[in-house]
Structures are given as structure tokens and as C-alpha cells.
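Novice: Add chain P to chain G, keeping to what the hints say.
Just so you know, the sequences run in chain order G and P. The first sequence begins at 1 in the working numbering and counts up by one. The second sequence begins at 1 in the working numbering and counts up by one.
None of these hints come from the bench; they were simulated from the model. Treat each hint with caution, since some may be false.
[Stated by the list, open to error] Listed next, the in silico DMTMM-like pairs over lysine to aspartate or glutamate satisfying Cα-Cα at most 25 Å (straight line):
(1) G:K171 to P:D152
(2) P:K283 to G:D199
(3) P:K293 to G:E189
(4) P:K225 to G:E189
(5) G:K210 to P:D230
(6) P:K293 to G:E200
[As the list claims (entries may be wrong)] Chain P stretches covered by chain G per the calculated footprint, using a threshold of three residues with CB under 8 Å from any CB of chain G:
(7) 145-158
(8) 217-224
All C-beta atoms, glycine included, are put in the ideal place defined by N, C-alpha and C.
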Amino acid sequence: MAIVWEWGSELDLLVQNCERYVSSAWKQDTTECAIALHGIERNEGVTYSITAYTRSRTDVADIASRLLNAVLGTKIRYCSVELSAEGFPKKTSASYKEEELPKRVELLLSEVGRRLLEKDESLRKRAEQTRRRLIVDWLIWLSCQARSSGTIYLVDCHDTFLDVIFPFMKKVALKLGDIDGYGLYDKVEDPIAIDTKEDEEHLHVTAIEKAQLVK
Amino acid sequence: MGAGSRVRQSEHRFYQGEPSLSNAIESCNEGGKSIATFGEYQISRGADGYELVKGGRVVGIFEEASIESERVVFRLSTGMLLEVSDEGIREIFSKSKAGLHGLTASDGSLYNGRPGSRAYRISLESESPELTDLYSQYFEAVYNKQMHQYPDRGYPRVVIGNKMAFYDLKNYGAKTGLYTWNVPRGYLDKEGAAEWLKCFFSGDGTVKLVCAGEDYDISFESTHKEGLEDIQSLLLDEFGIRSRLHGPYGEDRPDRRPEYSLRVWDEVQFAEEIGSYKEMHIKRLGEILRRKKGEG
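With the rest of the complex left out, here is chain G:
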């Protein structure tokens, strides 16, 4: 992976640098190129990566320009380009339709809540004693696959609140092409509660994977 542009450089250079890098690094055996922009939408704090996969080196400038225009107004931390002889394995990011996502996210959060109550005795007692409904905040990783003129675009976003991530992700994806579908990372390993708050009806728990608690 080569980082060809970073925040603070002029935006026109992003497209130019992608084009220059690809034209100098593309070898005879190169079959595919991945161009990615990584950044954060800062009003709501949604972190994103958008990646375009193309097998045509002549389309690189147009694709980079399209990626850039899709996230203008956010903080684009950096742009990376990678070339491959074998082609890039694509994640399945189009398993769900838009209307299925809320239910899928609900299931994911229920699973996190179930695991938390199962292993955290104090939380379980607190939920039982207060009889408040458990609401879990968990980092939701959503992805969306879009397609335009044979180019596949993947938009990955994460935040704790579906109503915040989804509109941002969909808006970006629609600027890139026609949406194929959505994906949700639903693996839960070892969640721990790092904060709890109560209101009249709910017990709000913020949880993360134990491995992600640094200090």
C-alpha cells in the first residue's frame, strides 16, 4: 500500500498523485488497482473508508476524482493506492437490503446485551433491581457496495448509532454509483461494559470488545 496524499495537501493533488503513482507502479502482471480514501465525518464522528477497485489504469483519475467528490466536506485523512497481480479479495458487502439493516443491527445489539448480562454479574443485578430496559451502545461497522461503469466501490463506516451512520453512508455510496446492497460486521467475541447510565426507563450500557480496551 502506498499513501499518495494526506490531509493538508491541496485536493487537486489527490487525483494527480493517484494517477502518477499508478502510471509508474503498474507492472505487466498488474491486474487490479485499489484506491482508497480514509477519513472522518466530523459533525457526527462517523469514521469511513471508501475504496474503488478497477482493472483499467486509464480510469484511475476519473475514479479518484469521483471518490474525492463523494466525501468532500469531511476530513479526508489520507489516500492510499495498492496494486495487485492476483486481484483483491472482495468482502461480501451486499448481503442485506436497506430495509433489513435495522433488524440486523437490533439482533447484533441484543446479542451483545445477552453476552454482557451473561458474564457481568453486577450489570445483571443492576438490570434486575432497577427493572430498566437494557440499551447497548456498540460500535457498528456497516458497509455498502456500489457499482458504476464496471467499477466496484466499497464504503465502510463505523459509529455507535445506526441513524447516524446509515444516512452518511448511503449519501456517499449514491454519489459513487448504484447500490448493490449492504453488509454488517456482526461478530461478537468478548464484550465488556465500560460505562453505564440510567434514565427513568433504560439502563444504557456502552460496550466494547475487551481486546480494544487499552487503558
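Specialist: Only chain P this time, still in chain G's reference frame:
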């Protein structure tokens, strides 16, 4: 005119008013009116300004001084201050310099092109014009130079090419590499620490919706783990504000730098003592204060 003379001219402009410590050492403190004493240092009012005296010798003369109960602060050049207290002397950042450093660390960039290049560009780009305006004001207050403002595809941006300011910010660790920066802990008094944090947070902080949209979380987001650890210590040591560091996120993606999040626990205290210059943050921090104080 050669490059050397340009540098000297620039130095001359920057260091106007800097006290010449070595030359002043030989003069004696006679007839000056003593104002305060901190440890082995005495501050007197002399004919040319405030005299800093150690062991009966004048070690510096300053035009301006701010005398407080625990310390005295003299103004130096390029946004630096000399703090004299019972613990000794140290150079610290003025509020403007602390803010400039914090904004540079978050949204700013220091760029000098390829090796041998004479471009020494300092810039700040943000989606919030209030931050580019503030950066420009602080830059002028510190270096007495006006930045140029121009938008880049709708992003407000302020830019200036200046070698002296470039190296000054670089040497204090405002940018130490791609995506990395130092918290200038040794140069921050409490006011400077609050300003540095406020400015850094304005750029790389978020006040995001949580609890099904009914509450907010305050967090710093960065790919620079060590930097967030330093922020965590600064928040705790200077202000007693607790936080938790989470991450890495996204480490399974080879094309992506792992990201970390520092989540602030003491939200009310953060909103009151640190805050933000960004309009969206100000609005949400205000809501946090209204809710939490209402509850309390």
C-alpha cells in the same frame, strides 16, 4: 540577497524585544525596587523595565511582566513566556501559541516538500471556518504575520510560507511525522494546557450521539495512539478529567491505519474547563451541561 541574509533578517524581525541574557549578566542590581521574590530569583522594577535578578546579578530585563501570587510571567518573542516561580524558571507557551500548536497538531500541516526544497508551508484546512479564522488570528499574534485565506473546493483554508515559523512549530512537535504530533507538556501551564486541548479537540474531537440518540459522548479520535495517551495524562493530571482509550479499530484492514478513540468520562468538567471552538461542539457541549446540571 543570499538565503543566509534572509534568515538573519527574519531572525531579526522575530526576536525583537527578546532579552539578551548573556549581556545583562554583568550589570548589577542597584537601585531597582524589589517587587517579588520566587526561590532564588528576585524581580525588581528598574529604569528599563522589569529586572530578573539572581544572586545579586540581573539576568534579564523585560518590558512586560504579569505578577501573580505563585509566579511571575515575562513575555518573550514568538508566543513564548518565561515563568519564574519557587520551582525555578521555565519557558512556556502563551495562550495563542498553545492554541496554534494544538490546531496544527489536529488539522494543520507543516510541509516543506522534497529534501532541498525551499517551500516551508504552514496551513490549516477545516470544514469549519471558525477554526481557520482562529488559526489565522493566533498565527498573527505569535509570528506577527498574516496568513492567506482561500477555499479549496469549499474547504476553508489558511496558508503561509515561512521558514522560521515552520521550524518553530516543528521543533515544538506540532507535527512529528505523518499523522503524529507531540503534546508539548513541558511548555504548558494550566491555561496553556486548557487552550491546547480545546484547540486540538476543536479539530480532532467529536461530540457524538449515543444512547439511542438521547445523549452525547465526548471523544478524541486519532491514529496516533501515543498522542492520545499523552492527552489522557494531561486531562487527568491538570484537570482531574478521566478518560478511557479504546482501539485499535480497523487493524484487520491492511490498507488502513489502526484508529484509536479516547472517550472522556467527566463530560461536565470537560465542557466547563476545556470546551471547543467548533460551533457544532459548542452547541452539543451546551446541551450536555444543561442536561447533566439539570439532573444534578
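Novice: Look at each hint and say if it fits the structure.
Specialist: Right, here's what the structure says about each hint:
1. Restraint check for K171 of chain G and D152 of chain P: satisfied, since their Cα atoms lie roughly 22 Å apart, inside the 25 Å limit.
2. With a CA separation close to 22 Å, the supplied pair K283 of chain P and D199 of chain G stays within the 25 Å bound.
3. Of the supplied pair hints, the one linking K293 of chain P and E189 of chain G is violated, its CA atoms being roughly 37 Å apart against a limit of 25 Å.
4. Between K225 of chain P and E189 of chain G the alpha-carbon distance is near 23 Å, which keeps this suggested pair within the 25 Å criterion.
5. With a CA separation close to 22 Å, the supplied pair K210 of chain G and D230 of chain P stays within the 25 Å bound.
6. A threshold of 25 Å between alpha carbons decides the hint, and for K293 of chain P with E200 of chain G the separation of about 17 Å falls inside it, so the pair holds.
7. Only when three residues or more bring their CB closer than 8 Å to a CB of chain G does the claim for the segment 145-158 of chain P stand; here the count is 4, and the claim holds.
8. Residues of the segment 217-224 of chain P lying with their CB closer than 8 Å to a CB of chain G number 4, which satisfies the three-residue condition for coverage.
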